[in-house]
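A.B. asks: The opening residue of the sequence shown carries number -17 in the working numbering; numbering runs sequentially from there.
Among the hints, a few may not be true.
No farther apart than 27 Å at their CA atoms in a straight line, the calculated lysine-lysine pairs in the DSSO-like style are these [unchecked claim]: (1) K37 with K47; (2) K46 with K58; (3) K31 with K42; (4) K46 with K31; (5) K58 with K31; (6) K31 with K47; (7) K14 with K42; (8) K58 with K14; (9) K58 with K37.
It is worth saying that the hints were derived from the structure and are not from the lab. These figures come from a predicted structure and were not determined experimentally.
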Amino acid sequence: MSALVIWIMGAGLLLINIILRTRLLRLEASLKALRGPQEYLSYLHNQAKTTQNNKVAAIKALRKKYPELSLIEANKLWQQIQ
């Protein structure tokens, strides 16, 4: 294959990656808007009780149930309940 064909294929894959990433970010934002912070806080509060205030276990459970949350966002929520 010529270098031009490889370059065009790479540019196409990069464009597809950007489009999919943008779509994923929009979907995550929609989920966050639908759920609201109170739902996250109440779930995290319950997890804190069941894990005897084990921060790591509670945040892992929160992110497993709500995968749209980043680790930074989950940590900020933890700080709010402490």
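A.B. asks: State for each hint whether it applies.
C.D. replies: Hint check:
With a CA separation close to 16 Å, the supplied pair K37 and K47 stays within the 27 Å bound. A distance of roughly 16 Å separates the Cα atoms of K46 and K58; the hinted pair therefore holds under the 27 Å criterion. For the given pair, K31 sits about 14 Å from K42 by alpha-carbon distance, which is consistent with the 27 Å threshold. Restraint check for K46 and K31: satisfied, since their Cα atoms lie roughly 17 Å apart, inside the 27 Å limit.
With a C-alpha separation of about 18 Å, the suggested pairing of K58 with K31 holds against the 27 Å cut-off. Of the pairs offered as hints, the one joining K31 and K47 holds, with about 16 Å between alpha carbons and a cut-off of 27 Å not exceeded. A distance of roughly 18 Å separates the Cα atoms of K14 and K42; the hinted pair therefore holds under the 27 Å criterion. The hinted pair formed by K58 and K14 meets the criterion: a straight-line CA distance of about 15 Å does not exceed 27 Å.
For the hint linking K58 to K37, the alpha-carbon distance of about 12 Å falls within 27 Å, and the restraint holds.
Violated hints are absent here; each numbered hint is respected by the structure.
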